[in-house]
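For the sequence shown, position 142 matches number 143 in our numbering, and the numbering has no gaps at all.
No lab work stands behind these hints, which were simulated from the structure alone. Bear in mind the structure is a predicted one, so any value in this text is a computation, not a measurement. C-beta: ideal position from N, C-alpha, C; glycine also. Certain hints may be false.
The following label-pair restraints were derived from C-beta to C-beta distances [stated by the list, open to error]:
#, residue 1, residue 2, range
1, Ser114, Ala183, 17 to 25 Å
2, Asn252, Val25, 33 to 41 Å
3, Asn135, Ala183, 29 to 37 Å
4, Thr139, His30, 23 to 31 Å
5, Val254, Gly167, 21 to 29 Å
Straight-line Cα separation of at most 25 Å, SDA-like style, residue types lysine to any residue; simulated pairs [claimed, not checked]:
#, residue 1, residue 2
6, Lys104, Asn84
7, Lys186, Thr139
8, Lys186, Gly211
9, Lys186, Ala248
10, Lys104, Thr72
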Amino acid sequence: MIDTSTHTVTATIPVGRGPLGVAVDPTSHTVYTANNRDDTVSMVDTNNSRSAAATTIPVGTNPWGIAVDPTTHTAFVANNWDNTVSVIDTSTHAVTATVQVGKHPEWVAVDPSTHTAYITNNSDGTVSVIDTSNHTVTTSTINVGNGPLGVAVDSTSHTAYTANYGDNTVSVIDTASRTATATIKAGTNPWGLAVDPTTHTAYTTNSTDGTVSVIDTTTNTVTSTIRVGNRLWAVAVDPATHTAYTANSDNTVSVIKPAH
Numbered sequence: 002m003i004d005t006s007t008h009t010v011t012a013t014i015p016v017g018r019g020p021l022g023v024a025v026d027p028t029s030h031t032v033y034t035a036n037n038r039d040d041t042v043s044m045v046d047t048n049n050s051r052s053a054a055a056t057t058i059p060v061g062t063n064p065w066g067i068a069v070d071p072t073t074h075t076a077f078v079a080n081n082w083d084n085t086v087s088v089i090d091t092s093t094h095a096v097t098a099t100v101q102v103g104k105h106p107e108w109v110a111v112d113p114s115t116h117t118a119y120i121t122n123n124s125d126g127t128v129s130v131i132d133t134s135n136h137t138v139t140t141s142t143i144n145v146g147n148g149p150l151g152v153a154v155d156s157t158s159h160t161a162y163t164a165n166y167g168d169n170t171v172s173v174i175d176t177a178s179r180t181a182t183a184t185i186k187a188g189t190n191p192w193g194l195a196v197d198p199t200t201h202t203a204y205t206t207n208s209t210d211g212t213v214s215v216i217d218t219t220t221n222t223v224t225s226t227i228r229v230g231n232r233l234w235a236v237a238v239d240p241a242t243h244t245a246y247t248a249n250s251d252n253t254v255s256v257i258k259p260a261h
């Protein structure tokens, strides 16, 4: 755990083997990790993070991404080898449904305002859409770029974005029509993606370049490329401070302050 005001590590919490995706439920102050080496999700109460052990929830095979819909008290986990999404009731810590999606699902994003989850299917070049209130796939898959990984949703503009590792692009999806409406050129092998809806900015980590592409979501153009160094993976944004954080392969986290 990192204190974002001081940029210091305040706690290290044991979870399952091979944690990849991380999600936070702000209403319950709970963190979830998808552990791809033991096919589990760990749940940590951040109010007691220094003393409480993580609760372990078995899911599908090789889980990667995870996201939470706090309005329905559910978490959604992409099981890469099963081609499924596990649905977890966050109040009972039990898997309540398993949803079939595309080939090799990777990452998940949730729009709580519409009770919708978006899952990137890496081998299909598609996105599956799930209704988080009834746990069903709601539409045919959405075609995006090659090898999509990261996905993020801007609920204010009704737009989703995918980082397409295989063709170095970001796809822009109109969530109302559920079609890709634009393609943005990014760096080499974009991996993670996050959106700050207030500043109309998206960030994508270009894993091979060691850079972050900063995208103006009103014009769908890259406005700057920030060199971070080393191989980059996930990215997250704090909407209160408009600060981005990248997870790097050299066991560090980089902090990107917004331009003024």
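That 23 to 31 Å hint for Thr139 and His30 (C-beta), does it hold up? 30 Å, holds
Tell me if the straight-line CA distance from Lys186 to Thr139 falls inside 25 Å. Cα-Cα ~29 Å, so violated.
Do Asn252 and Val25 keep their Cβ atoms within the hinted range of 33 to 41 Å? Since the Cβ atoms of Asn252 and Val25 sit about 21 Å apart, the hinted range of 33 to 41 Å is violated.
Indicate whether the distance between the beta carbons of Val254 and Gly167 respects the range 21 to 29 Å. Holds, at about 26 Å.
For a C-alpha distance cap of 25 Å, please report whether Lys186 and Gly211 respect it. Since the Cα atoms of Lys186 and Gly211 sit roughly 16 Å apart, the hinted pair holds (cutoff 25 Å).
Taking the CB of Ser114 and the CB of Ala183, does the distance hold inside 17 to 25 Å? For Ala183 against Ser114, whose Cβ atoms are near 22 Å apart, the range 17 to 25 Å holds.
Lys104 paired with Thr72 [C-alpha distance capped at 25 Å]: The hint is violated at about 28 Å.
Given the hinted pair Lys104 and Asn84, is their Cα-Cα distance within 25 Å? 5 Å, holds
Does the alpha-carbon distance linking Lys186 and Ala248 stay inside the 25 Å limit? 22 Å, holds
Is the distance from the Cβ of Asn135 to the Cβ of Ala183 consistent with 29 to 37 Å? Check passed, 30 Å falls within 29 to 37 Å.
Hints 2, 7 and 10 from the list above are not met by this structure, while the remaining hints are.
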